[in-house]
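Student: I would like the entire structure built from these sequences, with the hints used as guidance.
If you want the building blocks of each chain, they are given just below.
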Amino acid sequence: MLAGKEIRRAKLRFGLLSGAVGLLVFLILFQQALLGSLLLSFTGALENQSGTVLVFSEEARKNVSGSVILPPEQAQIAAVEGVGSSAGLAEGTFTIEAKGTDVDASIFGFQPGGPGEPTRLVEGRLPTTPTEAVASKEDASDGFGLGDTVTSVDGGITLTIVGLTERSRFSVAPTLWVTFDGYTALRKASNPDATAVLPSVIALTPAPGVSASQLAASVNEQVDGVQALTRSQAVNEAPGVSSVNTSFQLILVLAFLVVAVVIGFFFLILTVQKQSTLTVLRAVGAPTSYLVKALLKQIFLVVGVGLVVGILLTLGAVKGASAGLPISLEPTTMVVTAVGVVLLSLVGSLFTLLRVGRIDPADVMNRQNAGGLA
Amino acid sequence: MAALELSSVRKTYTSGDAEIVALDHATLEVGDDEILALVGPSGSGKTTLLSISGGLLTPSEGTVVVGGQDISTYSAKQLTAFRRDSVGFVFQAVNLVPFLTARENLMIVNDFGSSRSHKDAKARAEKLLDELGLSHRVDNLPGQMSGGERQRVAIGRALMNEPALVLIDEPTSALDTKLGEQVMELIVSEVKSRDTAAVIVTHDQRMTRYADRTVTITDGVLAA
Ligand SMILES: Nc1ncnc2c1ncn2[C@@H]1O[C@H](COP(=O)(O)OP(=O)(O)OP(=O)(O)O)[C@@H](O)[C@H]1O
Ligand SMILES: [Mg+2]
Numbered sequence: 113m114l115a116g117k118e119i120r121r122a123k124l125r126f127g128l129l130s131g132a133v134g135l136l137v138f139l140i141l142f143q144q145a146l147l148g149s150l151l152l153s154f155t156g157a158l159e160n161q162s163g164t165v166l167v168f169s170e171e172a173r174k175n176v177s178g179s180v181i182l183p184p185e186q187a188q189i190a191a192v193e194g195v196g197s198s199a200g201l202a203e204g205t206f207t208i209e210a211k212g213t214d215v216d217a218s219i220f221g222f223q224p225g226g227p228g229e230p231t232r233l234v235e236g237r238l239p240t241t242p243t244e245a246v247a248s249k250e251d252a253s254d255g256f257g258l259g260d261t262v263t264s265v266d267g268g269i270t271l272t273i274v275g276l277t278e279r280s281r282f283s284v285a286p287t288l289w290v291t292f293d294g295y296t297a298l299r300k301a302s303n304p305d306a307t308a309v310l311p312s313v314i315a316l317t318p319a320p321g322v323s324a325s326q327l328a329a330s331v332n333e334q335v336d337g338v339q340a341l342t343r344s345q346a347v348n349e350a351p352g353v354s355s356v357n358t359s360f361q362l363i364l365v366l367a368f369l370v371v372a373v374v375i376g377f378f379f380l381i382l383t384v385q386k387q388s389t390l391t392v393l394r395a396v397g398a399p400t401s402y403l404v405k406a407l408l409k410q411i412f413l414v415v416g417v418g419l420v421v422g423i424l425l426t427l428g429a430v431k432g433a434s435a436g437l438p439i440s441l442e443p444t445t446m447v448v449t450a451v452g453v454v455l456l457s458l459v460g461s462l463f464t465l466l467r468v469g470r471i472d473p474a475d476v477m478n479r480q481n482a483g484g485l486a
Numbered sequence: 019m020a021a022l023e024l025s026s027v028r029k030t031y032t033s034g035d036a037e038i039v040a041l042d043h044a045t046l047e048v049g050d051d052e053i054l055a056l057v058g059p060s061g062s063g064k065t066t067l068l069s070i071s072g073g074l075l076t077p078s079e080g081t082v083v084v085g086g087q088d089i090s091t092y093s094a095k096q097l098t099a100f101r102r103d104s105v106g107f108v109f110q111a112v113n114l115v116p117f118l119t120a121r122e123n124l125m126i127v128n129d130f131g132s133s134r135s136h137k138d139a140k141a142r143a144e145k146l147l148d149e150l151g152l153s154h155r156v157d158n159l160p161g162q163m164s165g166g167e168r169q170r171v172a173i174g175r176a177l178m179n180e181p182a183l184v185l186i187d188e189p190t191s192a193l194d195t196k197l198g199e200q201v202m203e204l205i206v207s208e209v210k211s212r213d214t215a216a217v218i219v220t221h222d223q224r225m226t227r228y229a230d231r232t233v234t235i236t237d238g239v240l241a242a
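Line by line, the protein sequences are chains B and U.
Numbered continuously in the working numbering, the first sequence closes out at residue 486.
Numbered continuously in the working numbering, the second sequence closes out at residue 242.
No wet-lab data here; the hints were simulated from the structure.
Just so you know, not all the hints are guaranteed correct.
Claimed, not checked - Label pairs and their calculated CB-CB ranges: (1) Gly469(B) / Gly161(U): 26 to 34 Å; (2) Ser33(U) / Gln361(B): 47 to 55 Å; (3) Ala122(B) / Arg231(U): 40 to 48 Å; (4) Asp129(U) / Leu427(B): 35 to 43 Å; (5) Ser93(U) / Glu349(B): 57 to 65 Å.
As the list claims (entries may be wrong) - In silico lysine-lysine, BS3-like type, Cα no more than 25 Å apart, as pairs: (6) Lys140(U) / Lys117(B); (7) Lys210(U) / Lys405(B); (8) Lys123(B) / Lys386(B); (9) Lys137(U) / Lys117(B); (10) Lys123(B) / Lys405(B); (11) Lys117(B) / Lys145(U); (12) Lys137(U) / Lys409(B); (13) Lys409(B) / Lys95(U); (14) Lys386(B) / Lys95(U); (15) Lys386(B) / Lys117(B); (16) Lys405(B) / Lys95(U); (17) Lys210(U) / Lys140(U); (18) Lys145(U) / Lys210(U).
Predicted, not measured: the structure shown is a model, and the values here were computed from it.
For every residue, glycine included, the Cβ atom is placed at its ideal position computed from N, Cα and C.
Tutor: This is the structure we're talking about:
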């Protein structure tokens, strides 16, 4: 009765607070959606390929574009105990003409059937001949749609798009997946002097009973000059990604703290203002738990409304934005954020809860005129 | 059975190194439908006596029996339930919850774990407010009422749970003489019309004529 009536008679106050919490939740969620899509267009190709371990050359420092694996190393890697299957995965940037304009695209050459294949095919099929390619759904409207043809500017090789992937872009550029033979042809066409075309990294899958991290450790131990990383390490430790991650996370932490502080101060001020009223209620027989419950109810109500407002705003914004920028909001992100906001609101209100718990009913006699009636 | 029995109640406060004796071996009995006026100079211990009788403070020595229950050894939790069920309070100034209407200010005591249904509580609250001449004020917030009306709502709240004992601290000090007399008359008629005893603290000698008996307190010592 207490909690609800107070809110009903101070709608503006509580409404503004819920609105503020809603905006903060929106900030937190939208930022995470943005970060997710940004990171995906950086490293989606690594995340959504079938090799669970990727072996880089050591001097590449986890950068796919700077890595090259020589044939003897490739043989050594394939011979490491615990390797289930291995295949070369090549990556390079090519200027591609699509829809009449030249763009820099990232092209991956993979061994069909081997580790390193794209796993997020949403339309069509994987390439089987050297002149077929799979493109990203996100780039479909820029001349990379199913059935479109694109041409490499240096060498004039024409590729037909036979399939589309999602979440498999690389370096924020249009990304194509071709067979390793197709990749070799593209390389040789643009640079006729090239002798052999080497893979950038080796994609591995572990043998049954071996985990990806165990396999990576064995490769690092047994093969000199290379660095094996599990797929998630390769994604999270890719150059640029970790620094982007750190700065986004800092802002996220700050936003969460602001939620805690805003909620905490609001309820503290409110509680101090009505301290004398709460003392009277204790004096006429309200148990401490009654007052604590009323406060918790208000906190949950305000935070709940704030979460609904924030989630609706975010869903609206994601819908509006996804035309240009492919962003999406994972349900887990929403749930984790909601739980985080609720927990931090409680942490922010801890002091106020303790204060309510410590109200001494006998004070009602001492502080005769504190607060006044209205 | 007496509504209130204090036997050799002593209450001391320590402030710094000094020990203040607020009540010194106070012994007092209030009959089960008696109205007792408690008068005395400022600082004599009136509020302390009221607080101990209502379970807001525990005595340093002596026993307090209210409506047959010895509350001197009650825990804080037991005292909270005792205040809810067995006594009614009217405090000097801060009494009402500002964001609750007159009716809700009465009904809220029913919310603390009483066995009475919401519907019965509502009916009782409205009946009490009607008796107190506030039937036109049931949906008003305290801020929309006069001082006398607020004081009457507080009396209604004190009677809400049918207590054996009502404790009233300076009910008229904030009101002018005429209003004060009206409020006293209301208290007397409400208390007399049911099986309830009352202790009324006042510094105004004129108000003592409403009581069955007057007890004077000086420096913590009671005198009939
Ligand atoms: N919490 C406390 N700590 C220390 N001393 C106290 C406390 N409460 C009351 N006293 C002292 O105890 C004595 C009795 O106080 P009490 O409030 O009972 O007097 P009172 O008769 O109600 O006075 P008044 O008419 O001014 O309200 C006073 O000397 C007072 O200063
Ligand atoms: Mg007093």
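Student: Each of the hints needs a verdict: does it hold here or not?
Tutor: Here's how the hints hold up against the structure:
At about 28 Å, the CB distance of Gly469(B) to Gly161(U) agrees with the hint of 26 to 34 Å. Checked against the hint of 47 to 55 Å, the C-beta distance between Ser33(U) and Gln361(B) comes to roughly 53 Å, which is consistent with it. The beta-carbon spacing between Ala122(B) and Arg231(U), approximately 46 Å, falls within the hinted interval of 40 to 48 Å. One distance hint, 35 to 43 Å for the beta-carbon pair Asp129(U) and Leu427(B), holds here, with the actual separation near 38 Å.
For the hinted restraint 57 to 65 Å between Ser93(U) and Glu349(B), the CB-CB distance of approximately 60 Å keeps it satisfied. With a C-alpha separation of about 16 Å, the suggested pair Lys140(U) and Lys117(B) falls inside the 25 Å cut-off, and the hint holds. At most 25 Å may separate the alpha-carbon atoms for a hinted pair to count; Lys210(U) and Lys405(B) exceed this at roughly 37 Å. Distance check on the hinted pair: Lys123(B) and Lys386(B) sit about 17 Å apart at the alpha-carbon level, within 25 Å; holds.
For the given pair, Lys137(U) sits about 18 Å from Lys117(B) by alpha-carbon distance, which is consistent with the 25 Å threshold. Our distance criterion of 25 Å between C-alpha atoms is met by Lys123(B) and Lys405(B), whose separation comes to about 20 Å. For the given pair, Lys117(B) sits about 22 Å from Lys145(U) by alpha-carbon distance, which is consistent with the 25 Å threshold. With a C-alpha separation of about 23 Å, the suggested pair Lys137(U) and Lys409(B) falls inside the 25 Å cut-off, and the hint holds.
With a CA separation close to 22 Å, the supplied pair Lys409(B) and Lys95(U) stays within the 25 Å bound. Annotation: proposed proximity of Lys386(B) to Lys95(U) holds, straight-line Cα distance about 23 Å (limit 25 Å). Proposed proximity of Lys386(B) and Lys117(B) is supported: the alpha carbons are some 14 Å apart, at most 25 Å. At most 25 Å may separate the alpha-carbon atoms for a hinted pair to count; Lys405(B) and Lys95(U) meet this at roughly 16 Å.
In summary, the hint linking Lys210(U) to Lys140(U) is supported, as the alpha carbons are separated by about 23 Å, within the 25 Å threshold. Only pairs whose Cα atoms come within 25 Å are accepted, and Lys145(U) paired with Lys210(U) is accepted, the gap being roughly 16 Å.
In this structure, only the earlier hint numbered 7 is contradicted, and the remaining ones agree with it.
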